[in-house]
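Novice: Listed here are the chains, written in short residue letters.
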Amino acid sequence: MKWLATIVIVASFALPPFFAGDFYINLASQILIASIFALSLNLLVGFGGMTSLGHASYLGIAAYVSALLTSRYGFGHGAAAMLSLSATVVMAALFGLIALRASGLGFLMITLALSQVLWGLAYRMSGVTNGDNGVAGLTRPAPFGIPLETPASFYWFVLFIAVLSFLMMAIFVSSAFGSSLRGVRDQPRRMAALGFNPWLIRWITFVYAGFWGGISGLLYVYYHKYIHPSALSITSSAEALLGVIAGGSGTLGGPVVGAAVVLLLKNFASAYVERWNMLLGFVFLFIVLVMPAGIVPGVEKLTARFRGKRS
Amino acid sequence: MQFWIIQGLNSLSLGGLLFLLSSGFSLIFGLMRLANLTHGAFFMLGTYFAAVALRSFEGLNIWITALGVGVTVAAMGGLFERLVLRRLRANPLGQVLVTLGMSFIISDACLMMWGGDSIPVPTPRNLQAPTRLFGFVFPTYRLVLVGCAIAAAVVLYLLLERTRLGAMIRAGVDDSQMARAVGIRVSNLFTMVFALGAGIAGAAGVLGGPILSAYPGLDADMLPLALIVVILGGIGSLPGAFVGSFIIGTIYTFGTALFPELAYIILFLPMIFVIAFRPQGLFGRVIA
Amino acid sequence: MNASRSDHALELLSLKKTFGGLTVTHNVSLSVSPGERRLIIGPNGAGKTTLFNQISGDLRPNSGVVRLFGRDVTQLPPYRRAHLGLSRTYQIITLFSGDTLEHNIMLGMLGLRPSRWQMCRPLSFYGDLATEAHRMLDTVGLLHLAGRPISDVAYGEKRRVELAMALAQKPRLLLLDEPLAGLSNAERSTVKSLITSIPREITIIMIEHDMDTALELAETVTLLDYGRVIVDGERDAVIADERTREVYLGT
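Residue numbers (the numbering used here), protein chains in the order written: chain A, 114 to 424; chain B, 20 to 307; chain C, 167 to 417.
Only chain A is shown next, with the shape it has when bound in the complex (with noise of 0.2 Å):
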């Protein structure tokens, strides 16, 4: 029953290019986008114990770097998106440095810190990042030579990443490695008993998170073609926290379904008001007071209700 339904949805993914205009294969897109950043943030929250509000950061960064290089430097796609991925990498390792100095709270407020200073960077140094009017007129890459403008072809790439880095979040927190991270969010005392060390397996999380979090980051500068500090900013890693809590946080499916949540409410509320801000705003406080839980989690508990009930 459990698998019948996840291949139906998997295969449900194939489908928009098929049946749909190119404005929903390209909202697609954005979902699929969405759910790999969300998914990242949610090896922090749900699996590591870390509520990062800065989450941001990996997704500016890359997709900063790729601009820059592509647009200013004349880098190709290929060597962009490497040097981006790995600028992101060491930047999570040195965040992770110090955000990881805490925890809980004291945690969040460095890691929001942090990436509002990225954004004021982002805003200031408009010298190198042409400040608040973004870096624009950006290509997108064409992988062994297919290009991905139409938005079908787009959507093929992200749906191959995206596929990809399901997987390999879903093996990695499945993992020995995995087990070990959920029993440093419970118990981090008892594990450091057992021989595991703390805070090395965090920080390797964070330096993970943060690295998937710059593939999202560079799909998301391909997609829109160009970069504005609004990536870098609270908003932005507000919605992907949004997305993890929303969908249920801990679980692998949650951060997909929460990302789709938000991305489809936020484009739909953009077409009847401007007030997408205050809407999310609303959406959480809808979220932490009624659905603490998530919609999955939700969903899961009431089809067992549901399955008890007939049997």
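Please keep in mind that the hints were generated in silico from the structure rather than gathered at the bench. Values in this document were obtained by computation on a predicted structure and should not be read as measured data. Glycine is no exception: its CB is placed at the ideal position from the N, C-alpha and C atoms. If a hint is listed, it holds; no wrong ones were tucked in.
Part of the chain A face toward chain B, derived, beta carbon under 8 Å:
#1 I211
#2 R214
#3 L218
#4 M222
#5 L225
#6 A226
#7 R237
#8 I347
#9 A351
#10 N390
#11 L398
Reference listing, derived: stretches of chain C covered by chain A, where coverage requires no fewer than 3 residues with Cβ under 8 Å from a Cβ of chain A:
#12 243-255
#13 266-280
#14 283-293
Dock chains B and C against chain A, hints included.
Specialist: For chains B and C alone, coordinates are given in the frame of chain A:
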């Protein structure tokens, strides 16, 4: 020379504003273990209220405005604590998310009501003329602002150290279970402190208005500064907030004046330094 | 090196720990020989668990030295000490309550193996760990519950899982923090015989309030009061000692 004097004074006045902002944040965190991300929005709300009040009523006194706005924002904060935060007492992450959501709502509401352009807040007429001291010219309002921040620090210090409310707050910060055991009604105390912190932030927004103007994004500019101040000074420590504010005020002001593109990186350095060598902050205590 | 000292499993040299103004460990020195069964007793607040936490590395002493098998470990974090052969149980149960008994034991064994860094293979694929975990659960009589989550089993069973988890690490020195606390009489004798059956290669230091059972298990006893060692020596000598009676009867 004039440059250094003026920037020095600018540093002090920004430091003063930061102290007003971060002292409330720090107090709330220390007592309630709550990272109140609405704090920047409360500040911004104060600035917008000041802009509206002072521009519509010619000759309205800025001090009375600050008091009135402070009380108004305090009431809003108190209501928010009562109606929303209280339900989430056992859920610190939920609390943070809700304060974040609230900050989005407030800042978007400000944008909706007052538009995207920056609205200057008039400097009080009697403080517009510069002051001459030892042969240098000082903007009078900034001098007064520094005085205000110091006065507020003294009042807060006395409130915490010399009054019954202060004793209860200190007891609650030290050990909330113990405070509960000796019969302090912690939940009322929480509301009071949250309202107090919000009110100070709102009043600080009024006083900062003539310098900063009201503009969308003011909250997102102020909140990280407040965060850096409390991380630097030590979360929950009033002296820490005081010292941290003036350090950050100075670094930010001189950084912006001397290396405008790098101001943010320079801001970052003391914070990294402190986190590396003294993660509890300059004046913070290790929480066992 | 300190070869001459390696005849002790554990050695504490004037350990001191203060919290604020309160001294909870006051120049504690003691040494435990390999294979010894040591009981640490003392009234509530005597500083027994604080002492354990300094041995395991959860707390750093203000001054003094902790030596584990002849090696100075005072500055080593807990996980390094675990790799040197130290294992412990907790007074308050801190198991991974959503996971199965089997998973808990396997996680304990994983902590000492390089495969804990393995990021591709699930823990459940390690057949050797599973076999070993089952053997361990069998030893404590819980094999039939191997697949059940911790949250499903009774308190006394959790205590036995704690013990199994520590033993599965094949420690050289085992710290037991009140292994009998909160158990029924029947469970008490089960755990007691479990502890008795632990092979001699494993040195045991135990904190326990239940004197009757604990004294039967112990060979040597250390009496702590207000963070100081009051009496230290052979079991019968300590029991007979006048100072022991003073501490317990307050005369």
